[in-house]
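Engineer: When we follow my numbering, the leftmost residue of the sequence shown carries the number 46, and every step to the right adds one.
In case anyone wonders, no lab produced these hints; they're calculated from the structure.
Treat the hints with caution; some may be incorrect.
As the list claims (entries may be wrong) - Restricting the straight-line Cα-Cα distance to at most 30 Å, the calculated cross-link-like pairs of lysine-lysine (DSSO-like) are: (1) K172 with K192; (2) K192 with K216; (3) K216 with K97; (4) K216 with K172; (5) K47 with K302; (6) K172 with K97; (7) K302 with K325; (8) K172 with K325; (9) K47 with K325; (10) K302 with K172; (11) K47 with K216; (12) K192 with K325.
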Amino acid sequence: KKPFFHVLPGSDALTFGMLGCDYHCGYCQNWVTSQMLRDPNAFAPPRVCTPKQLVDLAIEHGAPVVASSYNEPLITSEWAVAIFHEARQRGLRCAYVSNGNGTPQVLDFIRPYVDAYKVDLKTFNPKHYRELGGVMENVLDTIRMLKQRAFWVEIVTLIVPGFSDDPDELKQMAEFLAGVDPLMPWHVTAFHPDYKMTEGYRQTTAQDLLGVVEIGRAAGLKYIYAGNLPGQVGEWENTRCHHCNATLIERYGFFVKRNRIGADGLCPQCHTPIPGIWGKSSGHGDGRVRPLL
Numbered sequence: 046k047k048p049f050f051h052v053l054p055g056s057d058a059l060t061f062g063m064l065g066c067d068y069h070c071g072y073c074q075n076w077v078t079s080q081m082l083r084d085p086n087a088f089a090p091p092r093v094c095t096p097k098q099l100v101d102l103a104i105e106h107g108a109p110v111v112a113s114s115y116n117e118p119l120i121t122s123e124w125a126v127a128i129f130h131e132a133r134q135r136g137l138r139c140a141y142v143s144n145g146n147g148t149p150q151v152l153d154f155i156r157p158y159v160d161a162y163k164v165d166l167k168t169f170n171p172k173h174y175r176e177l178g179g180v181m182e183n184v185l186d187t188i189r190m191l192k193q194r195a196f197w198v199e200i201v202t203l204i205v206p207g208f209s210d211d212p213d214e215l216k217q218m219a220e221f222l223a224g225v226d227p228l229m230p231w232h233v234t235a236f237h238p239d240y241k242m243t244e245g246y247r248q249t250t251a252q253d254l255l256g257v258v259e260i261g262r263a264a265g266l267k268y269i270y271a272g273n274l275p276g277q278v279g280e281w282e283n284t285r286c287h288h289c290n291a292t293l294i295e296r297y298g299f300f301v302k303r304n305r306i307g308a309d310g311l312c313p314q315c316h317t318p319i320p321g322i323w324g325k326s327s328g329h330g331d332g333r334v335r336p337l338l
């Protein structure tokens, strides 16, 4: 259930996590691991596991991807790289699910091992970012640096009513993303009350998400997805060719109902290269990391 719609659609990913995060989001759904070093109510006893054992488990279950998530992977990059080194030696893809609070040094360190990188762009309000423990401009810089280093990047924004749903801020966010790359996927996802944000907060509706989709379209983004509300957002769970608009992948939530994109990464109707990672092996020469046109 990784938020990568352009990476081996329908495939399984073995996901591991560690402890701690440099943010303290009040709505974190993984707070028992991410906040364990900060919140006395968060308790997730670690399990001893070697990189080889994790990769063996992925191969045993037929998962072509190994991903670091559940806490902030950037702060435990040394151990993630130890796992990813083993995974890539055995032909697996590797991914980060991250808040994007990176530096040039850490991105250079992980680049030989990480294929796909998801960034949570939480808001376009600097004050709100500070409330979460971050600096917005640092995340924007990370997105730029990831693209410069040719990571495959997808962006996720959780639409929290009253916190990250301001139309003007979302317009600025969409325009920023389109300025970086209009073919970079943007997932706008529904919030449900969790952790410290349970009372006084409502769930995101399908109509909320569809309104944000229109903001993204107006900014020129070509791959926008509305998530966390399966079957309620019409075609915005699906992948369509940015050139001919043919439906290429039909989804219900994270379930892939139909996938017309082959390992060559081409639209079967107009033969336009679809940006993403469509080949399973991490070996050289078959990556199918399609350039963005």
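Engineer: Each hint should be assessed against the structure and marked as holding or not.
Structural biologist: For each hint, the structure was consulted:
1. For the proposed pair K172 and K192, the alpha carbon gap of about 26 Å is at most 30 Å, so the pair holds.
2. For the proposed pair K192 and K216, the alpha carbon gap of about 21 Å is at most 30 Å, so the pair holds.
3. Between K216 and K97 the alpha-carbon distance is near 45 Å, which puts this suggested pair outside the 30 Å criterion.
4. Only pairs whose Cα atoms come within 30 Å are accepted, and K216 paired with K172 is accepted, the gap being roughly 17 Å.
5. Among the hinted pairs, K47 with K302 is consistent with the structure: their alpha-carbon atoms are about 17 Å apart, no more than 30 Å.
6. Proposed proximity of K172 and K97 is contradicted: the alpha carbons are some 42 Å apart, above 30 Å.
7. Taken as a hint, the K302 and K325 pair is honoured in the structure, with Cα atoms around 19 Å apart against an allowance of 30 Å.
8. Only pairs whose Cα atoms come within 30 Å are accepted, and K172 paired with K325 is rejected, the gap being roughly 41 Å.
9. Only pairs whose Cα atoms come within 30 Å are accepted, and K47 paired with K325 is accepted, the gap being roughly 16 Å.
10. For the given pair, K302 sits about 41 Å from K172 by alpha-carbon distance, which is inconsistent with the 30 Å threshold.
11. Annotation: proposed proximity of K47 to K216 holds, straight-line Cα distance about 25 Å (limit 30 Å).
12. Proximity of K192 to K325 is assessed by CA-CA distance (about 21 Å); at most 30 Å being required, the pair is judged to hold.
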